[in-house]
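**Q** My request is simple: use the sequences and hints to build the entire structure.
Top line first, the protein sequences correspond to chains A and B. Everything in the first sequence is counted per this note's numbering, starting at 1 for the first residue and increasing by one. Everything in the second sequence is counted per this note's numbering, starting at 1 for the first residue and increasing by one.
Because the hints were derived from the structure by calculation, they are not lab data. Accuracy of the hints is not assured; some may be wrong.
Said to hold, decoys possible - Take a look, some chain A residues computed to stay more than 10 Å from chain B by CB distance:
hint, residue
1, P72
2, I75
3, L76
4, L78
5, P80
6, R98
7, V107
8, R112
9, A127
Stated by the list, open to error - Here are the in silico distance ranges between beta carbons for each label pair:
hint, chain 1, residue 1, chain 2, residue 2, range
10, A, G69, B, L5, 30 to 40 Å
11, B, P154, A, R27, 15 to 25 Å
12, A, P72, B, R117, 48 to 58 Å
13, A, V130, B, G38, 45 to 55 Å
As the list claims (entries may be wrong) - Just a few of them, taken from the derived set where beta-carbon distance is under 10 Å, the chain A residues facing chain B:
hint, residue
14, G23
15, A63
16, P65
17, G87
18, V104
19, G110
20, A120
Since we're looking at a predicted model, the values are computed, not measured. Glycine included, each C-beta is placed from N, C-alpha and C at the ideal position.
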Amino acid sequence: MTAGEAGAGAGPSRPGIPGPSEGDLDRTIARLLTRGTYLSIGLMAFGVVLMAATGVSPTDGTAPPFDLGRIPADILALRPTGFLWLGLVTAIATPLARVIASLVGYVRRGERGMALIAAAITAVVAAAVVVGVLAGH
Amino acid sequence: MAIGLMMIAGGFAAGVFGSLLGLGGGILIVPLLTLGFGLPVREAVGVSLVAVIVTSSASASVYLERHAANLRLGMTLELFTAMGALVGGLVAFLLSEQLLAGLFTVLLVVTAVNMARRREAVAPAPANGGSTANGGLSADGGAPAGGPVPSPPPYVIHNYGRGIAGSLLAGLVSALLGVGGGIIKVPVMHLVMGVPLRVATATSNLMIGITASASAIIYLVRGGIDPFVAGPTALGVFLGASLGSRTVHRIDVRVLRLLFIVVLLLTAWQMTGRVLK
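**A** Now the structure itself:
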């Protein structure tokens with residue numbers, strides 16, 4: 001197996017099946033990662049500015065627990081926690097978005113093996129959410 | 001807010017050093033937050049995971065643009081690093097602070113020894129803006145250096161079984177200690193699976209994001225991440241890693257590497273105090 005054939009389900013797109021080339025997929029994923037990173041950093045930076053403006057110190061121990069449902073209200077109220085939590089969630093979700101984009105790309109290319117691997121990774125991350133919530137109760 | 005600025009500065013320093021020395025910064029963030037700011041080890045690990053994800057995503061995008069990373073191999077192995085991370089994320093909440101600090105101390109010593117052994121083999125950093133001592137690629141989530149990455153020679157991948165076992169272990173270590181796990185993945189891919197070092201390093205970097213995400217989710221939903229600490233630290237690490245990747249080719253990292261070995265060993269000594277508490 002050579003470099004181009006590495007990985008389960010490897011191989012070129014099936015003849016006659018339209019889909020993104022390997023290079024296109026790499027570029028699409030690269031763009032997604034760049035945008036996700038800058039978005040998360042931008043949100044966290046704004047949250048840090050709001051922390052400074054409202055006099056919040058990191059070691060106060062006053063951070064509220066993570067609550068996805070509260071984020072929109074916190075953002076509308078310009079509370080630092082809203083932007084910080086959204087930035088953190090965006091940062092954590094960016095690699096998952098990369099895997100989902102790969103899944104779509106491999107499905108379009110007709111590469112069932114790689115698509116299955118991408119789906120399995122998504123399932124493991126979903127399991128982490130479920131297990132984390134269950135273990136927290 | 002002075003403490004917030006100090007966290008940004010500390011994260012910035014961790015990002016710069018990590019980037020210059022081919023580390024992600026996670027190995028520095030956990031001691032920084034525990035020894036410098038008095039955070040519990042577990043909370044520091046959660047924050048470190050976020051910082052590692054941010055730097056990994058930023059650098060992985062560059063590696064993919066340059067076709068330096070093997071996406072197929074990375075995705076195949078990251079399925080198992082993610083599984084290891086899921087287990088590690090759960091186990092981390094069962095272990096005592098002392099045990100986590102002890103494991104981190106071992107990691108610091110192993111990293112220092114690893115860097116000392118590599119030191120002799122490192123070529124001087126070129127002054128022409130080309131590749132760096134480690135080939136322009138960072139081992140553990142750091143940002144890649146500028147300049148083109150030459151195509152690797154054709155290679156044959158073998159020993160998938162051992163690669164999978166190494167990936168599971170790397171995921172577990174990443175989740176427990178808040179690092180990227182490159183210290184395990186790169187040698188396994190390069191020495192065991194026959195992947196060229198440059199490709200192994202770039203592919204490891206790509207895998208860090210999903211590995212750290214799988215465990216960071218558990219830390220997040222279980223209250224293991226403080227946004228007031230994670231925000232300033234991740235921001236500082238990102239800025240530091242960006243600067244480090246732009247200056248790495250202008251700096252002779254040999255002296256820096258030696259200094260860093262000393263810092264790692266001193267930090268390990270300090271962490272021992274946490275273990276014995």
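**Q** Against each hint, give a clear statement of whether it holds in the structure.
**A** Consistency of the hints with the structure:
1. P72: 16 Å, holds
2. I75: The assertion about A:I75 holds, with a minimum of 13 Å to chain B.
3. L76: 17 Å, holds
4. L78: Consistent with the label, A:L78 stays out of reach of chain B, its closest Cβ about 15 Å off (over 10 Å).
5. P80: 8 Å, violated
6. R98: With a cut-off of 10 Å, A:R98 comes too close to chain B, as the shortest Cβ separation is near 7 Å.
7. V107: The assertion about A:V107 holds, with a minimum of 14 Å to chain B.
8. R112: Answer for A:R112: holds, closest chain B Cβ roughly 13 Å.
9. A127: The assertion about A:A127 is violated, with a minimum of 6 Å to chain B.
10. A:G69 x B:L5: 30 to 40 Å: 31 Å, holds
11. B:P154 x A:R27: 15 to 25 Å: 23 Å, holds
12. A:P72 x B:R117: 48 to 58 Å: The hinted range 48 to 58 Å holds for A:P72 and B:R117, with Cβ atoms some 51 Å apart.
13. A:V130 x B:G38: 45 to 55 Å: 33 Å, violated
14. G23: 7 Å, holds
15. A63: Hint on A:A63: holds, closest Cβ of chain B at ~5 Å, below 10 Å.
16. P65: Constraint on A:P65 satisfied, holds at 5 Å.
17. G87: 7 Å, holds
18. V104: 13 Å, violated
19. G110: 15 Å, violated
20. A120: 5 Å, holds
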